[in-house]
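S.K.: Dock chain one against chain two, each of which comes alone in its own frame, and use the hints as you go.
Line order of the protein sequences matches chains Y and D.
Take 845 as the starting number for the first sequence in our numbering and just add one per residue.
Take 9 as the starting number for the second sequence in our numbering and just add one per residue.
Keep in mind the hints are simulated off the structure, nothing from the lab.
Every residue gets a Cβ at the ideal spot worked out from N, C-alpha and C, and that includes glycine.
A portion of the hints provided could be inaccurate.
Have a look at the derived ranges for each label pair, beta carbon to beta carbon [claimed, not checked]: (1) D/Arg159 - Y/Ser1108: 45 to 51 Å; (2) Y/Ala1071 - D/Arg20: 53 to 59 Å; (3) Y/Asp927 - D/Ser23: 31 to 37 Å; (4) Y/Ala1052 - D/Ser122: 43 to 49 Å.
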Amino acid sequence: MKLPAVEYEAPETVAEAVDLLAEHEDEASVLAGGQSLIPLLALRLARPATLIDINGLHELSGVSASNGWVAVGAMTREYVAEDSTVIADTVPLLAAALPLIGHEAIRNRGTIGGSLAHADPSAELPAVALALDAELVVRSRSGERVIPAASWFEGFLATTRGADELLVEVRFPRAALGTGVSFTEVARRHGDFAIVGLAASVTLSDGAISDARLAFCGVSDVPVRAAEAEDLLVGEGPSASLFEEAARLATADLDPPADLHGSSEYRKQVAATLVRRGLHAAVGNADERR
Amino acid sequence: MDITLRVNGATRTGSAEPRKTLADFLREDLDLTGTHLGCEHGVCGACTVLVDGRAVRSCLMLAVQAAGSEVTTIEGLARDGEMSTVQQAMWDSHSFQCGFCTPGFVMQATAFLSAHPDADEQQIREALSGNICRCTGYQSIIDGVLLAAERNRQG
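The shape of chain D in the complex, shown without the other chains (with noise of 0.2 Å):
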């Protein structure tokens, strides 16, 4: 089937059959490889991408759901080869080890402060909670999102 969407504010099209996840679509027929499969069936988180600007696992959507909409994935969070707050915080924090998980740490983490840019402490491990890391034990990535958090509301 044919798709058509917004991926990172470019129209992009292609082709796929209905059983292709968007995470594949993605990584597969748009090349855009930074959104990462860990599980394949909605328990990781790693595959977090925005839809339509809300944080939505992309290997538990069909690319053909897609269609239409507008897709944000960890590639289009930079401006002009700057790294978005949240992804300077977190490398600032020393969020990531092996960094497998991290596009999809980022993504989560992206979606909650836009809509909750008051979050403290206990609400950040709640949100985040859906993402599974091996490395880190959590600590470095929920310090790098407190950071983010308070360079936001410093603007």
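If we strip away everything but chain Y, and leave its shape as in the complex, we get (with noise of 0.2 Å):
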């Protein structure tokens, strides 16, 4: 369908932005990329008075490293990110979730923030900004807050962001030497959005799991953290009865969503393997990086 009658605003810089949504607040959807509000106003799920551009605010995008965090502009694209040898060097997690969304042309308008901010429970970003405890940074007209990941996904498509506040820049940790990852998922068709999604990093120390992170996609209404899985893995060696037993914790108190797709005893079944999958992808390249 036809996008519904909407005002616009394109603000040049982050503190005309801020200004805007202090104005019109739950009035007002942010669009940065629009890979997912354009879709949501032509299907009349969302029905934003104004529409907030900010497109033009170039210095939210951009990927820099220091201090053992890397720092993502909000507006940088996905296929930006992709391309950015810091994030395949010192991310790996990151790197290997990118290629994953979408399409091609999605990634190419898609943003880093967006896709956070949108919180889309079945996509791969808020899985592993979960994962990896990435800090969320927005802006306001009374200034800056950093959330840690974990409190930033609120429920379906929603966040604790407030309406008057901007997402400005995502952090993730540097992974730790050692660190193994992978981003194991099903999906009906490349590209499409994951059946169920899993986010998985490693970090091996003489050869015993010093550090290990699981997190889910499409199987709440929220990306979905398996602390007890990732309890049980540290100080153990890697072994496939040890990832048998952490695929057996991760996904005991799952519920997932019953969908045309899968029921929802499909999608524990499918976490559960993922788990395994996941874990030996993880351990298995963790050597590579030093």
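M.R.: Encoded structure:
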């Protein structure tokens, strides 16, 4: 369908954008890459009175590394992040997830901040941000606030961002030495929404797992961290039986939604399989990264 | 709002409401109806055009956002009446039946092959996986793009 009539603002600075948000609050939607918001408008699932288009805010694009963190500007397009050697070298889990987002034409417009602010529970980046304990930086007239990913995702397409706040940057911790990663997902077709996906990161030191991170997409109305399974893994040497037990623990409390792509039981079974596969894959490339 | 942009090498100007998509602006205001609209919410890929050399879905971009950009549509591929390599190879391979999805496939394949001249069949399948065709079963489309890649490599 055609888009509904909507007012349009195109601020040229973050300060202007924040002023516009303060003025319009809930009546406005922030337009980043538009690859989710424009379909929502076309389908009348979102009816903002005003679009605040932040594509002109060039200060919000770019990737920089410092002090153990990699800062990604919210308007950094997914293809730019995909091509970034800094991200490939220092945040390998993010690098593994990026090619799985939508299709090439989607990644050419879609942005890192847009995906995290949209917070689709079956999207890849929310699971990555949760698994890595990323930090989301929001700005309003009253200043900046840093929100840990663990308290960012509130519900289906809902975050704890205030209506007057603009997501300006996402900070990912640099992967430790000996870290292996994988992003595994099951989808009907490459590029489709994942039925279930898993972000996995495992750090090995002296043959034992010193850090483990697992986060699912597609199993709830928010991305889900598998903390009990992570605790089980830490301190142990990787083995098939350990991964089997981790898969059981990670999925024991899941109650995934059912839809035409799969029943709740099917999703739960896929989730357990992805834990085993994801851990094997992550451990398998752990030695490659110094 | 007034919009000035480059389309297929020529400067074009027009005026559009903010809610008008680039696809509708190309079709209705610039009479470039080669860009097709299938689903109008970013799923089918029929409306794919190049913006500053990169494939984008013109139904998921506002016309006002394309101001100052260089847009290439299916009408911009032929040179002096000669079809582009991708167009000719898809023609030779019978890569279309009803033709509705064809402009999107041609634009997506054009962008992909220019960035990945050595792409193999699997990579081409992945690159085209965001475009939907309801007639061909895709095999003839893949054949056409593989042929184009081969012809590009042979110069």
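S.K.: Would you say the C-beta atoms of Y/Ala1052 and D/Ser122 sit inside 43 to 49 Å of each other?
M.R.: 47 Å, holds
S.K.: Using the Cβ atoms, figure out if D/Arg159 sits within 45 to 51 Å of Y/Ser1108.
M.R.: Since D/Arg159 and Y/Ser1108 have Cβ atoms about 50 Å apart, the given range 45 to 51 Å holds.
S.K.: Just tell me: holds or violated, for the beta carbon distance of Y/Ala1071 and D/Arg20 against 53 to 59 Å?
M.R.: Check passed, 55 Å falls within 53 to 59 Å.
S.K.: Is 31 to 37 Å respected by the C-beta to C-beta distance linking Y/Asp927 and D/Ser23?
M.R.: 35 Å, holds
Comparing the model with each numbered hint stated earlier shows that all of them hold.
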